[in-house]
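Quick note, the sequences are listed as chains A and B, same order. So in numbering that gives the first Met the number 0 the end of the first sequence lands on 243, straight run, no missing numbers. So in numbering that gives the first Met the number 0 the end of the second sequence lands on 277, straight run, no missing numbers.
Calculated from the structure, these hints are not laboratory results. Heads up, a few of these hints could be off.
As the list claims (entries may be wrong) - Which residues of chain A face chain B? A partial, calculated answer using Cβ under 8 angstroms:
no., residue
1, G2
2, A5
3, T8
4, L12
5, I13
6, A26
7, R79
8, H83
9, I88
10, Q89
11, A90
12, V93
13, S94
14, D95
Stated by the list, open to error - Over 12 angstroms on every C-beta distance to chain A, these chain B residues come out as not near it, computed from the model:
no., residue
15, L84
16, L103
17, E199
18, L212
19, F257
20, L271
As the list claims (entries may be wrong) - Distance ranges between label pairs, derived from CB positions:
no., chain 1, residue 1, chain 2, residue 2, range
21, B, G26, A, L11, 37 to 45 angstroms
22, B, G86, A, F124, 38 to 46 angstroms
23, A, A225, B, G86, 37 to 45 angstroms
24, B, G86, A, R239, 24 to 32 angstroms
25, B, G5, A, S115, 26 to 34 angstroms
26, B, R109, A, L14, 16 to 24 angstroms
27, B, D213, A, F80, 37 to 45 angstroms
28, B, G86, A, L31, 31 to 39 angstroms
29, B, L269, A, S158, 34 to 42 angstroms
30, A, L221, B, G26, 53 to 61 angstroms
Beta carbons: idealized from backbone N, C-alpha and C, even for Gly.
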Amino acid sequence: MPGWLAVYTRELLILRRRFWRLLLGWAVAPLLYLIAFGYAMGQNVIIQGHTYLEFLLPGLVAMASMTQAFAIGSEINIARFYWHIFEEIQAAPVSDAAYVLGETLAGVTRGLLSGSLIILLGALFGIVLSYNPYFWLALLLNSFVFSTLAVALAMIVESHADQALLNSLIITPMAFLGGTFFPMEHLPWWAQKVLYLLPLTHAAQALRAAALGLQPSGTSYLLLAALGCLTYLLAVRTVRQAQD
Amino acid sequence: MIRIEGLRKDYQGTQALQGIDLQVHQGELFAYLGPNGAGKTTTIRILAGLTRASAGRAWLNGHDIVTETLAAKKQFGLVPQHLNLDGELTVTENLLIHGLLHRLPYRTIRARVEYLLDYVELTEKRRALVKHLSGGMKRRLMIARALLHEPRILFLDEPSVGLDANIRRRIWALIKKIQQGGVTIFLTTHYIEEAEFLAERVAFLDRGRIVALDTPANLMAHLGHWAVDQFTADNLQAHYFQSREEAQRFAAGTAASFTLRRVNLEDAFLALTGRKVS
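Can you make the complete structure from the sequences, with help from the hints?
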């Protein structure tokens, strides 16, 4: 798929130029969650045999990687509506699949970086969990799902305001309901059924199980991989349709 | 070479292009002249693969733009009407990305960047962020970018729009230089003097149709070579003459104020369509 490297390189150059500002932005919200929910409120709370901070940290990794991988949609919109760069790519001999791959990799890179940042912040709070290959695979899949979803939706939106609306409708509810802050078992059965449909729920569960040294459920990995493939194909389709 | 057959484009009931047939020869500098909304940009967008045609076909150096899209896209460079550079990247980075989009080896990109920055006189700005460049510099950078992969066809959509007269002249000189290198240039403009100065052949486009296609000299010849604009209280009427002497004799005999000038493409367009280009 020729051309993906150009798309990915462009995003990396922008990421490099804004790296420290972005890092600061990525750190603020998780740091506040760690202080407010983990350190202040949850100091004496034990969940499933672990401190609340230990419970919370993998959830924050899932949430941050989701948010930052999905944020590639905003970058695409800036490129489309502000710089008009999308036309430069459309006029080049680059296939739709290659374009999606380049942008997806950029989103995944952001997801992995933001997840790693949470791990570092956790270490500052004295929390060091088991960051094994299962953990990184779940982080990768989570970033992949939300990155491809962001590319697909970025082709449908028609303004920056639409993009902000998507964040409010998709990302914010999922961040709070996808098993980030509390165990799903605390919810009524019907709510659990609904929330198990969310990809973030599976990502948070897989990340938490891996980080706490438990055996993660293979189903979560399979579901995330299958959903990632579907959203990737959807993204290729919406990019193709972006030609008016 | 560019070949277009029966190209049509409908936008929600509006016919932006109503069956364009056209052939632009290898190495030719061809101008597509028409007022805003005539369909100039739509034609270029279809040829560049940015917009789908409603009907018709087009080939770029023999490659069908629909069935051989990627091969067709390798044939051309595009300078769109609006600025579409990445303002957050430097001049060199913008060119690097373009080179990678066209799968050029890194060493080739570096050499081409050096050459083209010198060609468009932007070497000193190589490390500047694009958002800090002037409008004329951005336009020259867009031309350099479009030439980076050494295309045989260059689409220029209103290349000098919004630029002052001095910078416009520099852009024209650059376009002439590019054509002398054997590149086929398809230029859209609504500036009469741009088409006259640059083009070997001109197509008049009006409401999605080509109403005339010939050399600038031939398009103007049937009107004559000289014009007298006669100003009356509520009107301006142009009269055309083969020689300056005839025009001067006519002007001397008129009581109204007048201007004596050479016939231009605007006159030819007006005579054919009843509308002005600009």
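Of the numbered hints stated previously, which ones are contradicted by the structure, given in increasing order?
6, 7, 14, 15, 16, 25
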